[in-house]
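Since the structure of chain D is provided, determine the placement of chain F on it from the hints.
Listed below, chain by chain, are the residues.
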Amino acid sequence: MRAQDYLLAQVPPWARPDNPLLRYVLQRERRRHAPAIRLAIKGIGAGVMVAVLLFSYQMAQQDTPLGLSDFHGSGLFAVLYFPLALAQLFAMLIALLAPANALAAEQARGTWETLKITSRGGELVVWTRWAAVFYQMRWLLIALFVPRLFFAGRMLVDLTAYQGRHLDLYLTGITPAAPPAAGLALLAAGMTASLVLPFVMIGCNAALGLFLAAAIPRRQIAGLIRLAVMIGEWFVFGLALLVVEVNGRASWYSSGAGTWRDHLFLTLGGDQGLRLMDLRTQFEMWADVEYGVLVGGLALAAVFGLALLTNGLLHLAARRASMPGRE
Amino acid sequence: MKLAGLSIVVLFVALLVGAAGARWIGQQRQDAAFPLPGADGCWDGLCFSSMPPEDVLAALRASPRVVPESVAIVERVLPSGYDSLIAFTLAAPFHRTTPVLLYWATHSYHLTRDWRLPSNPALLWVGDVLAGLGPPDRVGWLGNQISLYYANRRLEVLVAPSEIDLVWARILPGDAVIGLFVVPADSPRAEDTIYYPPSVPWQGFGEVWFSNPPSR
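Read top to bottom, the protein sequences are chains D and F.
First residue of the first sequence? That's 469 in this note's numbering, and the numbers climb one at a time after it.
First residue of the second sequence? That's 819 in this note's numbering, and the numbers climb one at a time after it.
It is worth saying that the hints were derived from the structure and are not from the lab.
Hints may be right or wrong, so weigh each one.
To be verified - Derived SDA-like pairs (lysine to any residue); straight-line CA-CA distance at most 20 Å:
(1) Lys820(F) / Leu521(D)
(2) Lys820(F) / Gly780(D)
(3) Lys820(F) / His783(D)
(4) Lys820(F) / Leu777(D)
(5) Lys510(D) / Gln604(D)
(6) Lys510(D) / Leu521(D)
(7) Lys510(D) / Ala611(D)
(8) Lys820(F) / Ala611(D)
(9) Lys820(F) / Leu776(D)
(10) Lys510(D) / Leu494(D)
(11) Lys510(D) / Gly578(D)
To be verified - Quick list of the computed label-pair ranges, beta carbon to beta carbon:
(12) Ser825(F) / Phe618(D): 15 to 25 Å
(13) Tyr603(D) / Gln845(F): 36 to 46 Å
(14) Lys510(D) / Gln1021(F): 44 to 54 Å
(15) Gly863(F) / Ser537(D): 39 to 49 Å
(16) Val625(D) / Ile891(F): 32 to 42 Å
(17) Phe618(D) / Gln1021(F): 56 to 66 Å
(18) Ser868(F) / Ser537(D): 48 to 58 Å
(19) Gly863(F) / Ile610(D): 49 to 59 Å
(20) Ala471(D) / Val1018(F): 51 to 61 Å
(21) Arg847(F) / Val516(D): 18 to 28 Å
(22) Gln1021(F) / Ala471(D): 19 to 29 Å
(23) Tyr603(D) / Pro1019(F): 19 to 29 Å
(24) Ile610(D) / Thr907(F): 44 to 54 Å
Since we're looking at a predicted model, the values are computed, not measured.
The beta-carbon is built from N, C-alpha and C at its ideal position, and this holds for glycine as well.
Just chain D, same shape as in the assembly (with noise of 0.2 Å):
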């Protein structure tokens, strides 16, 4: 068996591309827009992307990056870190909105209780229509990965500075104590952490999506619920953007880098572990802050979580979706 038919093998059925109800519901996606409409959303959304980038380069050239004060690490990064947050905010909403419109889309067509009928249920639609998600979101999701891949790489190259001390040094004197072992293993937890979040963050933000349409019987109630967990989502990024950056380094008379507890809420509310993807950073985190060193380990703890409640809210959805009498 070649390599790739043994990966898809590990794959649910319901999320292989060539189940036929995948199928049917991307092509129900790809028609309710003419292509005309799809080009023109796609390349207005790339337009902003690259105003956003310009804008980027330009603040880090004066030494001003955009979302990132008292910085040290690469002008890459500089230059890419807000541009990448505000791509993934904007990943995380579409994930909370495409799949229950389509449900939402089906009742409205009134082909929701034969999609049933010919599909063991609701619950089978639930899942595949979380699994679209990912596919029509593909190449936004890789161009958010592939960004941190390379962050990833040169964090393994610049853990080499130094004569390969890069990482001992910033543990002397850190509370708590950690041996490099320790160090090295917390380390590889947030480097985790920060690859998979925006996967686990869409996906949850999608199950949560399909949950409230399933689980609410009145469609414009739902959708202002949904209106209300978006509205809540951008104030929790733009908080969790200006929580660390108030709690920078202020005047002679006083300094602070915030709490462990600051630098989770950024991590998981805010930039999804963008900012832990700066080695260099993510070490003057460990110096500046009291249990800093432990944020990686409870960030790849809280993808579990995530992943699990992910898993819940689906099973939820699926439930709710079955029952008889939906319309």
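Quick look at chain F alone, frame taken from chain D:
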């Protein structure tokens, strides 16, 4: 979901192995870009403190890491008691070239970055110093610079910290080392040394407070 969980675990293990491997690879390179003074007070085999002034130029030109044609006397005003200022360029294999200024007196000498150049390049980085010599005994505040004291080695390392203010500084491994002062051989023992500028014992990287920090 099991697949997702397994993938995360595999990724974690791969990154852990990668990080440990990167650390090991770095540790195989034992040569720093800029040699540090040894416990005997000599620098890269050159004992300036005991060398007649007229021999210094020739000794530098004969040194394998120094670019011979770069060695030259610079006419400048120097602190009282110091001999000529000499400029030269250090060129180590696989490392950048480093312009250096040297001036010395009896039993002591200073190596500093070439402040005449607009780029003001550092000699090396604090991380290199600690990787080579271990942590210093004390950290001193000098207004806009920091000193790392290695009393037993009779060495003072001058650093331009990433941030410094009236009562605190932030020291990071990437901070520039701008001077290496090998202090006189007849200086007091480490335990008898009196530090006149404000100083504190070494506590690690990050914030260093030279007075009581405000309660938060």
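A quick look at each hint next to the structure:
For the given pair, Lys820(F) sits about 37 Å from Leu521(D) by alpha-carbon distance, which is inconsistent with the 20 Å threshold. For the given pair, Lys820(F) sits about 13 Å from Gly780(D) by alpha-carbon distance, which is consistent with the 20 Å threshold. Proposed proximity of Lys820(F) and His783(D) is supported: the alpha carbons are some 15 Å apart, at most 20 Å. The suggested pairing of Lys820(F) with Leu777(D) holds, with an alpha-carbon distance near 14 Å, which does not exceed 20 Å.
For the suggested pair Lys510(D) and Gln604(D), the alpha carbons sit about 12 Å apart, so the restraint of at most 20 Å is met. Only pairs whose Cα atoms come within 20 Å are accepted, and Lys510(D) paired with Leu521(D) is accepted, the gap being roughly 16 Å. A C-alpha spacing of about 14 Å is found between Lys510(D) and Ala611(D), which places the hinted pair at or below 20 Å, so the restraint holds. In summary, the hint linking Lys820(F) to Ala611(D) is not supported, as the alpha carbons are separated by about 26 Å, beyond the 20 Å threshold.
With a C-alpha separation of about 10 Å, the suggested pair Lys820(F) and Leu776(D) falls inside the 20 Å cut-off, and the hint holds. Simply put, Lys510(D) and Leu494(D) have alpha-carbon atoms about 17 Å apart, close enough for the 20 Å limit, and the pair holds. Note on Lys510(D) and Gly578(D): the hinted pairing is violated, with a Cα-Cα distance of about 29 Å set against a maximum of 20 Å. For Ser825(F) paired with Phe618(D), a C-beta distance near 20 Å keeps the hint of 15 to 25 Å intact.
About 44 Å separates the C-beta atoms of Tyr603(D) and Gln845(F), a value consistent with the hinted range of 36 to 46 Å. Distance hint for Lys510(D) and Gln1021(F): a CB-CB separation of about 53 Å, consistent with the stated range 44 to 54 Å. Taking the beta carbon of each, Gly863(F) and Ser537(D) are about 45 Å apart, inside 39 to 49 Å as hinted. With their beta carbons about 41 Å apart, Val625(D) and Ile891(F) fall inside the hinted range of 32 to 42 Å.
Roughly 35 Å separates the CB atoms of Phe618(D) and Gln1021(F), a value that falls outside the hinted 56 to 66 Å. Separation of Ser868(F) from Ser537(D) is about 50 Å and conforms to the stated range, judged on CB atoms against 48 to 58 Å. Here the CB-CB span from Gly863(F) to Ile610(D) is close to 54 Å, well matched to the stated 49 to 59 Å. At about 58 Å, the beta-carbon gap between Ala471(D) and Val1018(F) stays in the expected band of 51 to 61 Å.
The hinted range of 18 to 28 Å is not satisfied by Arg847(F) and Val516(D), whose Cβ atoms lie roughly 45 Å apart. Under the hint 19 to 29 Å, the C-beta atoms of Gln1021(F) and Ala471(D), about 51 Å apart, miss the expected range. For Tyr603(D) paired with Pro1019(F), a C-beta distance near 58 Å fails the hint of 19 to 29 Å. At roughly 46 Å, the beta carbons of Ile610(D) and Thr907(F) sit within the given window of 44 to 54 Å.
Checked against the numbered hints given earlier, this structure breaks hints 1, 8, 11, 17, 21, 22 and 23; the rest are met.
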